[in-house]
Amino acid sequence: MDSQDLIRSARFRKEREADWQRLETLVRTAESKGLQRMAFADARDLAELYRQATTSLAIAREISLDKALLTYLEALTARAYLCVYAPQERLGGLFGRFLKRGAPEAMRRSWKFILLGFLFMTLGALAGYLLYFENNDWFYVFMPSEMASGRSPNATTESLRSSIYGHDSGTSGLGSFAAYLFSHNTRIAIFVFGLGVFACAPAILLTFYNGLILGAFFALHVDRGLGVDLAGWLSVHGVTELSAVCIACGGGLKLGSAVLFPGNRTRADALRHAGRDAVKLALVAALMLVAAALLESFARQLVQDMTSRFVIGWGVGALWLAWFAFGGRRLR
Amino acid sequence: MIGRFRKDRKDKRPSPDTLMPPEGVPLTLPIAGVGVRTAAQFTDIVLTSIAAISLLVLLGTLGLLGPQSMTAIAVLVFFCIGVPYYVLAELAWNGQTLGKRIMKIKVVAHDGGSLSAHSLVLRNLMKEAEVFLPGTLLLTLDTASPLETAASLIWIAIALLVPLCNRYRRRLGDMMAGTHVIHLPVPILLKDMAVEKPQVETDRKSFVFLSHQLDHYGAFELQTLETLLRSRNTPPATAVSRQTEAAIATIVEKIRKKIGYAEPVPPQDRIRFLQAFYNAQREHLEQRRLFGDRRENKHYAQTNGDS
Numbered sequence: 001m002d003s004q005d006l007i008r009s010a011r012f013r014k015e016r017e018a019d020w021q022r023l024e025t026l027v028r029t030a031e032s033k034g035l036q037r038m039a040f041a042d043a044r045d046l047a048e049l050y051r052q053a054t055t056s057l058a059i060a061r062e063i064s065l066d067k068a069l070l071t072y073l074e075a076l077t078a079r080a081y082l083c084v085y086a087p088q089e090r091l092g093g094l095f096g097r098f099l100k101r102g103a104p105e106a107m108r109r110s111w112k113f114i115l116l117g118f119l120f121m122t123l124g125a126l127a128g129y130l131l132y133f134e135n136n137d138w139f140y141v142f143m144p145s146e147m148a149s150g151r152s153p154n155a156t157t158e159s160l161r162s163s164i165y166g167h168d169s170g171t172s173g174l175g176s177f178a179a180y181l182f183s184h185n186t187r188i189a190i191f192v193f194g195l196g197v198f199a200c201a202p203a204i205l206l207t208f209y210n211g212l213i214l215g216a217f218f219a220l221h222v223d224r225g226l227g228v229d230l231a232g233w234l235s236v237h238g239v240t241e242l243s244a245v246c247i248a249c250g251g252g253l254k255l256g257s258a259v260l261f262p263g264n265r266t267r268a269d270a271l272r273h274a275g276r277d278a279v280k281l282a283l284v285a286a287l288m289l290v291a292a293a294l295l296e297s298f299a300r301q302l303v304q305d306m307t308s309r310f311v312i313g314w315g316v317g318a319l320w321l322a323w324f325a326f327g328g329r330r331l332r
Numbered sequence: 333m334i335g336r337f338r339k340d341r342k343d344k345r346p347s348p349d350t351l352m353p354p355e356g357v358p359l360t361l362p363i364a365g366v367g368v369r370t371a372a373q374f375t376d377i378v379l380t381s382i383a384a385i386s387l388l389v390l391l392g393t394l395g396l397l398g399p400q401s402m403t404a405i406a407v408l409v410f411f412c413i414g415v416p417y418y419v420l421a422e423l424a425w426n427g428q429t430l431g432k433r434i435m436k437i438k439v440v441a442h443d444g445g446s447l448s449a450h451s452l453v454l455r456n457l458m459k460e461a462e463v464f465l466p467g468t469l470l471l472t473l474d475t476a477s478p479l480e481t482a483a484s485l486i487w488i489a490i491a492l493l494v495p496l497c498n499r500y501r502r503r504l505g506d507m508m509a510g511t512h513v514i515h516l517p518v519p520i521l522l523k524d525m526a527v528e529k530p531q532v533e534t535d536r537k538s539f540v541f542l543s544h545q546l547d548h549y550g551a552f553e554l555q556t557l558e559t560l561l562r563s564r565n566t567p568p569a570t571a572v573s574r575q576t577e578a579a580i581a582t583i584v585e586k587i588r589k590k591i592g593y594a595e596p597v598p599p600q601d602r603i604r605f606l607q608a609f610y611n612a613q614r615e616h617l618e619q620r621r622l623f624g625d626r627r628e629n630k631h632y633a634q635t636n637g638d639s
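Sequences listed follow chains A and B, in order. The numbers in my numbering rise by one with no breaks, and the one at position 242 of the first sequence is 242. With positions in the second sequence counted from 1, the corresponding number in my numbering is that position plus 332.
If you're looking for bench data, these hints aren't it; they were derived computationally from the structure. Keep in mind that the hints are not guaranteed to be accurate.
Each pair of labels, with its calculated beta carbon distance range [as the list claims (entries may be wrong)]: (1) A:K33 to B:C412: 22 to 32 Å; (2) A:K33 to B:Q575: 44 to 54 Å; (3) B:I490 to A:V141: 21 to 31 Å; (4) A:T25 to B:Q575: 36 to 46 Å; (5) B:I434 to A:Q36: 22 to 32 Å; (6) B:T556 to A:K33: 48 to 58 Å; (7) B:L470 to A:Q21: 45 to 55 Å; (8) B:F374 to A:R28: 25 to 35 Å; (9) A:K33 to B:L390: 25 to 35 Å.
Here are the simulated SDA-like cross-link-like pairs (lysine to any residue), alpha carbons at most 25 Å apart as the crow flies [to be verified]: (10) B:K459 to A:E89; (11) B:K436 to A:A47; (12) B:K436 to A:E89; (13) B:K459 to A:A47.
Where a beta carbon is used, it is the ideal one built from N, C-alpha and C, also for glycine.
Whole structure, please, built from the sequences with the hints as guidance.
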């Protein structure tokens, strides 16, 4: 049959069919190998043929009643679209940008929420502290037994002191301890963050509860006259770790407040908007928890002097603060 | 009245299956349901657990490391097959994890742009609260504490209901990240029925249809006929073919009666008749379409009269 005899839509198809088939093979290679590893000419053709295919699809929808052609073009264009608009950033570049600019800027933008996180933690600690002095038994209510590891109101002052300055876990076990703490704490941070979306309450409660534990624990040691020593012991990693929990809480609060007070946006829209910064806060918290786990397992057991413990802990805290305050600012 | 108004508004919303890419030509990408996504999630969990356990067993049998380092590695490995695995897999494979690849579904940006790293990280961070936590709660349900059980069940219900209650089947993480999950379409190019050569010798006379005979059917009927002709081309089994023969005879008679085609069609020419009718009808309808007269089905005359 001569091409002149064909009806218009069949001619339309015949003229473009070769291009579509080439696009199909290109899409296959792009899907299996990835755009980065394709030859230059192929990648260029892929983008060009994709745009031609979208035009063909638009025309075919108007002029053609060939169902096979329409379904094929729909599927082909969609597949090509997914290849052409694939994320094209390298992982290294992503991390670099996050550390240099994204994270500190997000921290500065949401300082109010982070402050709220710290506030709830402090309130919790205060409550725990006061409750302990009211009645020692509150300690057992707050403290999960596996975390206390024998340090309860029943313990002698000597044993408390030795656990602060002792070599209770041998150096060989430090690595596993660090790994355990890291994955445990990171999950807590992700948790505090993820729960924030349910109208803030779970994130606030969790942070407050963390504060309660801290307060009761601190009160126990103040009661025995070991307050300053414990502060030193805690500062090594606690400055970083507790800040991380507060920051994760701040991220959660940001999400929760978007659900509660969406303003002029729809709730889904407000959530999406808040998510941009909140997710960065959660990642910062995770990063800080890695550092905290390292500090906790190595520095805390290896450094026994109280002043150097203070210096390490708060020095690291100051470094974090400097990163958040000055990171990503342009020099004038 | 109110009900009618609502219905009208509902019809005007674009179908959830369409996605508008920057080129401005809407694409059809069917939404993946909750079932297939759960299946993909299970596949992911099973695959990653198998990989993690076999890695640990391998390291254990090599016996290079002490028990304490082994626990450290185990904790790290099991942490990594959580959120980090999903984030990195979706970044590397353009919105697909292993389970999603097997189930042929994919994450796309809701607004039709390209997927950003930010949205992939966010939607998977939320997975912890939305998928893993309800899953663990479900496994650790304890009848001894009714309050906790009730709380867990409420949580699980929320996690399940959120995707069921919106048209795009998005979970909370999807909403925040601005993504949804679609089925990957499979492009298969079938032959154009209008180009098909008639399989009979040239000495037979060809069928000719007049313009008024082609005014009875619309696009829907044409495409149904197309499907029928296509299914004819696949090699038929004998019992089935006898049935289709009978069906085709009925269809030919019906068309003849409807369009007023006076001449009888001999049995050996039926397919040829249908093919010729398909060509003529398609050409006619496509021409009408160019003039702005879209005939969706055989009732086109009544629907046009209404509006």
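Verification of the supplied hints:
1. A:K33 to B:C412: 22 to 32 Å: holds, 26 Å
2. A:K33 to B:Q575: 44 to 54 Å: holds, 47 Å
3. B:I490 to A:V141: 21 to 31 Å: holds, 29 Å
4. A:T25 to B:Q575: 36 to 46 Å: holds, 39 Å
5. B:I434 to A:Q36: 22 to 32 Å: holds, 24 Å
6. B:T556 to A:K33: 48 to 58 Å: Because 41 Å falls outside the window, the suggested range is violated.
7. B:L470 to A:Q21: 45 to 55 Å: Given a distance of about 48 Å, which is inside 45 to 55 Å, the answer is holds.
8. B:F374 to A:R28: 25 to 35 Å: holds, 28 Å
9. A:K33 to B:L390: 25 to 35 Å: holds, 29 Å
10. B:K459 to A:E89: Judged against 25 Å, a Cα distance of about 23 Å means the pair holds.
11. B:K436 to A:A47: holds, 23 Å
12. B:K436 to A:E89: Roughly 24 Å separates the two Cα atoms, so the pair holds.
13. B:K459 to A:A47: Violated: K459 (chain B) and A47 (chain A) sit about 33 Å apart, past 25 Å.
Hints 6 and 13 from the list above are not met by this structure, while the remaining hints are.
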